[in-house]
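The listed protein sequences correspond, in order, to chains A and B. Under the working numbering, the residues of the first sequence are numbered 1 to 486, in order. Under the working numbering, the residues of the second sequence are numbered 1 to 257, in order.
Since the hints were made in silico from the structure, they are not lab data. Treat the numbers as computed from the prediction; the structure is a model and nothing was measured. In this text, a Cβ means the ideal position worked out from N, Cα and C, and glycines have one as well. Any given hint could be a false lead.
Lysine-lysine pairs mimicking DSSO-like chemistry, simulated, CA-CA at most 27 angstroms apart [as the list claims (entries may be wrong)]: (1) A:209 <-> A:190; (2) A:159 <-> A:190; (3) A:159 <-> B:223; (4) B:208 <-> A:159; (5) A:159 <-> A:209; (6) B:208 <-> B:223.
Sample of chain A residues at the chain B side, in silico, Cβ under 10 angstroms [stated by the list, open to error]: (7) 94; (8) 99; (9) 399.
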Amino acid sequence: MIRIEGLSYRFRGSETNALRNLSLEIEPREFVVITGPSGCGKSTLALAMGGYLFRQFDGQAEGRVIVYGLDVRDSPIYDVAQLVGLVQQNPEAQFCTLTVGDEVAFGLENRCLSRAEIRERMAWALSIVGAEHLQGRLLASLSGGEKQKVAIAAMMAAKPQVLIFDEPTSNLDPTATAEIFGVIEHIREKAGITVIVIEHKVGYLQRFKPRLVKMQDGQIVFDGQPTPNAQVLADPAPQSRPPGIPGSQAPLLRVENLHAGYNGRSVLRDLAVEVHPGEFVSIMGDNGSGKTTFLHCLLGLRRPSQGRVEVLGHDTRHTPVSQLARQVGLLFQNPDHQLFADSVWEEAVFAPLNFGALDGATEARVGDLLARCGLGNRHDDHPYRLSYGQKRRLNLVSVLSYAPRLILLDEVLIGQDPASAGFLLDLLQEHAARGGAVIMVNHAPEVTRRYASRLLFFNEGTIAIDAPQGQAFDRLQALGKGAYAC
Amino acid sequence: MPANRAAQRIAYQPGDSFLHRLHPLTKGSWLLAGTALVFVVRNPWAVAGAVALLLPGFPIAGVRLGRVRGTRLFISTTLLLGLLQVLFVREGATLVATGPLAVTAGGVQAGIYVAGRFLSVILFSYLFVLTTEPNDLAYALMRAGLPYRYGFALITALRLVPVFEQEGQIVYNAQLARGVRYDVRSPRRFLTLARQFVLPLLVSALGKVDALAVSMEGRSFGKYPTRTFLREVRATWLDGVALALLVVAILASWAIG
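This is chain B alone, in the form it adopts within the complex (with noise of 0.2 angstroms):
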């Protein structure tokens, strides 16, 4: 179906910032780590201070936040997560009462801690998804000992997808361009476009298979457990840095509790 183009994707963008010549890897440690951290540390301070540092990553790696897709919709989903917190949790003392509805400490308590993790959660995807190219991320689990064929199952996935929307696209308007209508609403006939939508996609799918079959077998893909590589993916100083800084935050968020 066709995209809205004029926002920024979620994607790789182009850069030379800190973070984009930050290892993958680490920043794929900070990722998981951050994220297990902010839903383990028991104070809302400390969530909502993850926040406030996540954000000034964004400036720094180049990226606008606001004009990447997606940003308008996890921000209005943090404020109705964090709202339905403040206004239905009622624990401790009651700040503010109007009528039926009532704000506690709990409850803003609840509200900080809800959407100032789902915040950091995406805050951390987005800086981790624009700042790596997936291919150094591939080659560089590859060389950390993923085996090869997932690793490149992983590029062959990045490759193909921006080619299946290019060519959903075409299906969308070769259907148009037969007068078919997508403004008509029952279950029935949403089946029958889907159907009729997908199925032109899959025959291509199959015959894309059969074309990068040839050309992996062809070049020996396969053939042995392992391989030589090429590229190199290098940590350098800052790696050690940012690793160090996680150990730092893990070990402040243990003495925080």
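For reference, chain A alone in the conformation it holds in the complex (with noise of 0.2 angstroms):
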């Protein structure tokens, strides 16, 4: 069993603790979720139960973490990593090799058992998660599910007693996800282990009737069987909807018989569609159908083969970015790769300033954004010392900093939890009504539904549905993608 006593832990140059005073009792076979808004600490938790934490972390730590009669503290990592598998958000960040086979038996290679052992052993794991047939693959040429099983099963060779989940689908489109939490499901039934879940997605689990522990500035809130509306966003009263008011005005967007690709490759295919001032357009899809390559279209990033793009009467093929760009706002996935400057206030109006347009004006709504978004006190700190959420906001501020009209956001509510992500969301519905545009890539339905005046299901490079979100679930259905109308 493991028995989490006492534990308090800062992160060295912090000012907050991460945990405090957290105890925390699991029994074996049990299987546990631990969720909670960004940055209260599950993570750490999971870096703790592993061990990781007190020896590859900078920081001070209280209490006693003990793993099947194992004190975590005091005791060797190798010896803590044979009790506990940890298998991390990203995949990618953790994969050792370049084969699935290398990665599988990386582990069991280390612990210098026998080659018929490792083979029995693989065999074994990459049964478990039902990915025997990739065993011969590049792991470069799996898509973001597949590779998560990989991980899962690199982490099941060793037969561990207790498997840690961060966030295992944070990256995966509806269906991956679907695949991974049978495959969590099947582990917990066959393998005879403690699986904990650290995950937003509690709905997707409540059927597995796990018990649930919510976490809350580093401290346990909730310990007990999950509620119903365990996953749905913070704040449960509907929201009202933009209008969308196609045809009333001239479009913000005009795509017309788009193709666009890589290498030769052909990855968007005759794409047809308009936007008009209200919408607040959700594209949904499988990862690598082509949404990621639609949005750097509509900004230029990506000039089409054939076909066309228009942005406000702007035709993308013969307008430079750095112009598109003033009118056009895109937001990536991960927030680290798009902070730029010195101070978060710097960074705030980073984009009015090579635009030439930082005026006092626009640092009056700069200095009402931030301080919307719970950063009017931070404008002298590095944007790199804020937490995941604030940089998120941060993104967003220096976005709506020079109001372009057409915002366009690529997976960026990976990682929120439900609150930090409904506050992007208002933001930007207000973005939309006050005349504006959203296009939002995401993988979560219950946005869509909350948000989305019209929903665009990308399949194969091509837009499958077109249609306003109500309408388009049901489709979704019958276009055998129940996965993204749950």
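Put the complex together from the two separate chains, hints included.
Rendered as structure tokens:
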């Protein structure tokens, strides 16, 4: 069993504790889901149970963590690792080799097991995640869901007593998410081990009747059976949707017969769509279906190989990106990839400064936005000192600062808890209501239902569905994409 | 920064040719010894012969040299190096003379040496890189005695290079989307752009190092001085033939002088 007694932890340089006098007991073979807002200490708790927190990170710890009788704080990491496996959020980041076979064998080879035993364990681990057929493949050639299966198999091969999943589906589309949760259920049933899942999408896991542990500010605030609404956004009150007034005004965006691709490979085929002021468009589809390429085409980062994209009357084939960017804001998935300045304020005014549009009115707007995002007293801080959720808000402020008409978002909700996501979405909804438009690539049906006026569903480089979101969800079922309509 | 993606990268190209099937260390031996030989040999026609023998290696490996990135650059560099020697080295009989320009026998010989040696090194390296799976090379080196920590440092680098290339593209796109202009040229501006480009990549790299360290230690990497290797990179009779030919080449170059 796992016993955590009065655990507190503060990372070096941090002003607050990531964990605060936390105590928890988990019985053998229990299935536990740990949830809570971004930055509440869930991943820190996982690192503590795996022993990594006390070895690889600089900080002050108090309290005890006992795993199957082993005091984690005083034990070599290798001993703890034989008991506890940790599957991290991004499988890419944890791969140590280049092929599936090498990856699953990696830990067993390091433990100097015999080749015969390694082969036997490899076969077992790959079969338990349903990935036997992947054994000879290069990791780089796998889909997101397949990569996560391999990462799980690599941990399962060590036959741990406890397996911790740290947001294992955050980068996956709904189809792959459902598959991975199926794998987790299978492991729970067949392997007879303790399974701990850190996850925002609690709704997907409710059918397994897990024990739910909810954290906030480094403490446990709930420990019991989940309620039916556990996964929905923080404020369950229905929001007013932007009206979406196609046809009443000139479109902000017109896409005609768009074809685009990379290295001679066709990614987008014959897309046609118009987006009008006031619309909040959600784009969904499997990973690799062309959603990101589509967004890049709208900003001119990728030129059409055929057809045309017109943004506020400007043909992207003949307009420089620097000019299009004045009217089209694009937010990327990872907040760290889009922080360039040395202070929160400089970051917020980075784009207006580049566009030569930093005036008193803009400064006032930025100041107001920062205050609304809870960053009003952080103007002089370095952006990298902010929490994940705060960085996300700063990213959005830095786009709203120059008031582009069209805002594009590429999976910006990944890793965001429902409350933080809801805050951003409310700001974007305001933007649409003021006559702008929002096009958001996302994997969350509940977000689309609540915020979007319209859904575009991408399938293998084409728009398979373009309809008001209510109708679109019905058609998704008929298309065999029911996982997107959950 | 954005890369030219139309050209084929100088990276392993999967295939099943004779060259692909050779053991990585056999090819490594040819690369090192062959490169040394073209510098040691004192006969320009032997150097030219080495180039002539290397060129068919590309169609044999199923690689179109003209499509590989950098080919134009190294061919033009080869021609330039050769031409400079031909025009400015004045030794031996004069073959052609026009005004201040004169081409001598010694100049032609020096041109063949310099251009041939440069071209041989490039062609040897291209053949090696294009036909050798880096993973196989790393495992072969570890099996041959390279401490596995260094071997996996190589594998990690191989794995992360495309990841950082992709992230670099994202950062570049994110900057364009926020109005950053790369066409403004001044040293100060260049330094600012470089810092703004590198910082996000550096922060991302540090995060990846943390995740990788957790993953490696969690799977007992470094626990013992040695480890089991499941993957086998086998030598075949083809390697015997290739190594025998290498010995013949060494003896022949010694005989030529």
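(Q) Hint compliance check: list the failing hint numbers for this structure, sorted ascending. (A) none
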